[in-house]
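Colleague: Residues per chain are reported as follows:
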Amino acid sequence: MNALSSAWETRKTELELPEEIDLQLEVANVGSRTLAILIDLALCGMVLFVVYSFTLLLARDTAGDLLTRFSGHVMTTLLLLLVFGFQWGYFNLFEWLWNGQTPGKRLLHLRVIKADGTPVSWIDVLLRNLSRPIDTFGPMGLIGLLMIFINSKAQRLGDLMARTLVIHETEIDWSIFDEIKSPETSGHGVVSHAPSIHLTSAQWELLHRYLNRRDRLQPDVRQRLARSLRENLKPLVKGTDLELTVLSPEDWLVELARRT
Amino acid sequence: MTLGVFVRKNRPRWQRLETMLGTIETRGPRRTDRSFLQELSALYRATTADLAFAQTHYRSTTLLLFLHQLVARAHNQIYRPHRFSFSMASRFFRNEIPRAARAHLAAITWSAIIFLLGTALGLSAVQFDERAASIILPTNVLDSIYSRHMWTGGIFSVVPAPVTSTFLFTSNISVALLAFAGGLSFGIVTSWILFQNGFMLGVVFKLCADYGLLGSLLEFIAGHGLLEISAIIVSGGAGYAVANALLNPGSYSRSDALAQQGRSAVRMAVACVPALVTAGCIEAFISPTAFPVWFKVALGLTLGGVFWLYLLFTGKSAPKVMPG
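One line per chain: the protein sequences are A and B, in this order.
Under our numbering, the first residue of the first sequence carries the number 93, and numbering increases by one thereafter.
Under our numbering, the first residue of the second sequence carries the number 4, and numbering increases by one thereafter.
Treat the hints as calculated values from the structure; they're not laboratory data.
Please read these numbers as outputs of a predicted model, since none were measured by experiment.
Any given hint could turn out to be false.
Claimed, not checked - Which chain A residues face chain B? A few, computed with CB under 8 Å, are given here:
{"hint": "1", "residue": "Leu173"}
{"hint": "2", "residue": "Ser244"}
{"hint": "3", "residue": "Leu249"}
{"hint": "4", "residue": "Glu261"}
Even for Gly, the Cβ is constructed at its ideal location relative to N, Cα and C.
Pulled out of the complex, with its shape left as it was, chain B reads as follows:
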């Protein structure tokens, strides 16, 4: 069969498939009826056969390019992954996130160790030389501590809580997601973020203690601190899980290990998003206000406890084979 005859004979079918693909691509498969889908799959199979024929008989032609493209588009529609559904989302949060966290406990532990190392160094740095605080703290915070006032009072009275909470949770989520992505830098960026945040905590603690503000500081962070720090540590653990895949791929190739570990680690990073939104809101709406101390402490402990209980003890345990 010459190319001309082949095109003349089958072109209506290809163009019909192309039109149908246009429809399903814009409308989605849900809003097409059964006969439409049946026709689509029949046309798809016929066109793959045409492609196979063209591959044998019409090498290096434009027609072949077109058919490859057409079959790829149809393949894309027919082997489409499951669309987003609430049952899928609920399974994701109920089972998959805790399972991923439990699979990477070692990475989370390392993340906590690096964070605490940063805190210890922050404490001892200020102990050694008070000026070390100026490395990491902005001047307005320093001035406020030196004059024995909490800096939080000033900030939160000027800017209303909704704005502050948005600022807090967007910047904290950015830090957490960066800690996850930092795994791709063999963990260097992840370590830097964990260390920096730990260091800042250590510096603030020591400095406040020196200026008699320890009580006010503890009261301020009681409500959100535990949850916020936990989330950063878990996302750091996600980063280390990725870094570990790159550094110790084991019996897999590096790229296979990366794909496999990344897939479960990203679930831990996702878990941090709602946690940090919650922490940011508490930090802006509750922490700087005159709520009773016992309430802030109870809230902080509850939220932190729930976060860890959720990650470590809920959800079904992993089946033998992880579903793709």
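So here's chain A without its partners, still in its complex pose:
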């Protein structure tokens, strides 16, 4: 039960770097890994479907002229190579060339890395992907799913053999730390050299995140969030002039940001 519930929570790796830092990365969960596989399989399936359709069209015409027969054989060979290539080559090639990513993984911001935090080499990629018939494809996928649930680092059999793990990469968005463009507040009669107010790091971040994102929010959501933020931050301004001002919630937050 414990293992099952923890699979849906964020699991972190603790990797020790040579720089004496404990690097924490988010281990990819079952859902996103399954989805990434499905995307990859769908991609292979589409390509195969197209080639298969053309092969059928050409191969149907056995009594045709030499060129048709010849191209039919070429297409059949191509189809055979494609089926083989998708089965054994697709994951290997992409994860090798794209540093641990396939199209599906890239779409979902997943990446395969070594369990010690270093990038995967081609032999690691080979080990984890040759084992897919035993723990990923078809009904055997249940084994892989079970392993991802149970293992603390969400490693399936192939990951254990290759000593790899799949991580979820956080998207970095520095714009949440942008300076707040405050409108001229003197008109509201607020003293411009007011005493500064102390926020915790998390509060400061929350405030800036809201103010930098507010232009992209729906108007009603924007107002609601501003009100709830003000309610939460209000205790901090006790004893200053901000406690009593008549500013709208949003302007109030801007003014607060200016004083931190």
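Dock chain B against chain A, hints included.
Modeller: Just chain B, lined up with the frame of chain A:
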């Protein structure tokens, strides 16, 4: 220092590192100059210091997540493994594959035993009841044998050799790689594949002998048979090496034994790929044609012999410590 001041002060550095990482990730380290790499490594070290500072002072913030991510990406570029090179590939084929095969001789022997067991059972099954052949052989092959003709003539005249060879080597390589991966099922899948292939060989032999086709069969498989069967047995050995790590991890933990044995066993599986491509081509281009029998026999013996000599006797012997 408040978070705001910290971000204001260091953000240009982080964003510079992020841009540089974007460049090196798309272009690769070869196509960047020395000053670029020097700046990258300096920025990396500075950012790890920032991360350490943030870990102490700004717990549970988004900034910390970002810095972890940034340092991980930079770490990924700086501690990048050696890119693929021809000297590495040549070392892999010259030394590492034969070394791996010699390290797993017992597993290869077991693989051969299971295969031959399958062959013996196939022979005796047909001896006991001829209908046993229908378990494993397709009807068109059976019909052709019953009418005292080799089935190979029919197939190879309809479909041109390049198509057939592709079909043969892709399916054989799939079987070989599956035999390796089957080690993860504690060897069950590996055993099944070896047994099945051995059984099929036994059935075909006995049946052809009964219908006076033994000579034609031997002539057909002389060119490719030895190499093909050897490759399947070696890949089965790779599977058993993996299974053995799971079943008898010795003084290691099961996952450590698996990682260690898998790493050398996969080399044996890789060795089978070129061997099976060769065998598939011979089976399609040479075996069904009117090449003289002595040529097919000589070719088969040479290729099979070279394969085993390569695995058992070439390459430098293992150093005391296996390089990771």
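Colleague: Hint by hint, say whether it matches the structure.
Modeller: The hints, checked one at a time:
| no. | hint | in the structure |
| --- | --- | --- |
| 1 | Leu173 | holds, 6 Å |
| 2 | Ser244 | violated, 12 Å |
| 3 | Leu249 | holds, 5 Å |
| 4 | Glu261 | holds, 6 Å |
The structure fails to meet hint 2 from the earlier list, while all remaining hints are met.
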